[in-house]
Amino acid sequence: MPADNAAHLVLAAQRRHELTRSKAIQSLRELEHAGSPITFQTIATKAGVSRSWLYTQPDLRAEIQRHREAARRAPGSRIPISQQASDASLLRRLEAANQRNRQLAEENQQLRRQLARALGDQRAAPRSGQSSRRHASTTIEPG
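Once you know that position 90 of the sequence shown is 1190 in this note's numbering, the rest is easy, because the numbers rise by one and skip nothing.
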């Protein structure tokens, strides 16, 4: 009676599957890092696997489709997806810019009030004997 080699065949198939997955993942990362277009065809060619096999792998398929969608939204962009700013990061930067704008607006208003006060004081100063002071500079204090 022949020996049952099914376990060895299953183990070999699992190893081949993992090797194929690792090649596909490595190809995906290399293309992503290089900023190259990521499609099923480019991954299949670079990894030496079939496109149909890539479609049967849910995680790889989702990743490739995500890259394709990102490329469609930003056709001129050559920045790898891993280096693009996330929505959360962009929101934080926008919040920081808005906060800085508010601070500058407050500072601007404060300086306008100080300038108005200084000009009012200069205008209210008595005219007699003030001709030399008329051209003197006025110091505006912070605060």
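Just so you know, not all the hints are guaranteed correct.
Pair ranges (Cβ atoms, derived) [unchecked claim]:
(1) Y1155 / E1118: 25 to 33 Å
(2) E1132 / R1200: 28 to 36 Å
(3) R1193 / E1130: 55 to 63 Å
(4) N1105 / R1172: 26 to 34 Å
(5) A1188 / D1104: 26 to 34 Å
(6) S1152 / L1190: 56 to 64 Å
(7) L1190 / R1217: 53 to 61 Å
(8) D1104 / S1152: 26 to 34 Å
(9) Q1165 / E1207: 46 to 54 Å
(10) D1221 / A1188: 31 to 39 Å
(11) R1227 / L1194: 47 to 55 Å
(12) R1172 / A1197: 26 to 34 Å
Source of the hints: derived by calculation from the structure; they are not laboratory data.
Small disclaimer: the values here were computed from a predicted structure and weren't measured.
By construction, the Cβ of each residue, glycine as well, lies at the ideal position given by its N, Cα and C atoms.
Is it true that the C-beta distance of L1190 to R1217 lies inside 53 to 61 Å, as the hint says? violated, 41 Å
ask   = Taking the CB of R1193 and the CB of E1130, does the distance hold inside 55 to 63 Å?
value = violated, 30 Å
Practice prompt. Go ahead and decide if the range 47 to 55 Å is satisfied by the Cβ distance of R1227 to L1194.
Written response: For L1194 against R1227, whose Cβ atoms are near 52 Å apart, the range 47 to 55 Å holds.
Check: Is the gap between the beta carbons of Y1155 and E1118 within 25 to 33 Å?
Finding: violated, 18 Å
query: Could one say that the CB atoms of R1172 and A1197 fall in the range 26 to 34 Å?
result: holds, 28 Å
Can you tell me whether the CB distance of N1105 to R1172 sits inside 26 to 34 Å? violated, 48 Å
Does the Cβ-Cβ separation between D1104 and S1152 fall within 26 to 34 Å? holds, 31 Å
Taking the CB of D1221 and the CB of A1188, does the distance hold inside 31 to 39 Å?
For D1221 and A1188 the Cβ distance comes to about 50 Å; the hint is violated.
> Measuring from beta carbon to beta carbon, are S1152 and L1190 in 56 to 64 Å?
Replying inline: Because 37 Å falls outside the window, the suggested range is violated.
### Task
Evaluate the given range 46 to 54 Å for the C-beta pair formed by Q1165 and E1207.
holds, 49 Å
| Is it true that E1132 and R1200 lie within 28 to 36 Å of each other by Cβ? | Distance hint for E1132, R1200 holds at roughly 34 Å.
message = 26 to 34 Å was suggested as the range; check whether the CB atoms of A1188 and D1104 agree with it.
response = For A1188 and D1104 the Cβ distance comes to about 55 Å; the hint is violated.
Hint violations for this structure: numbers 1, 3, 4, 5, 6, 7, 10, all remaining hints satisfied.
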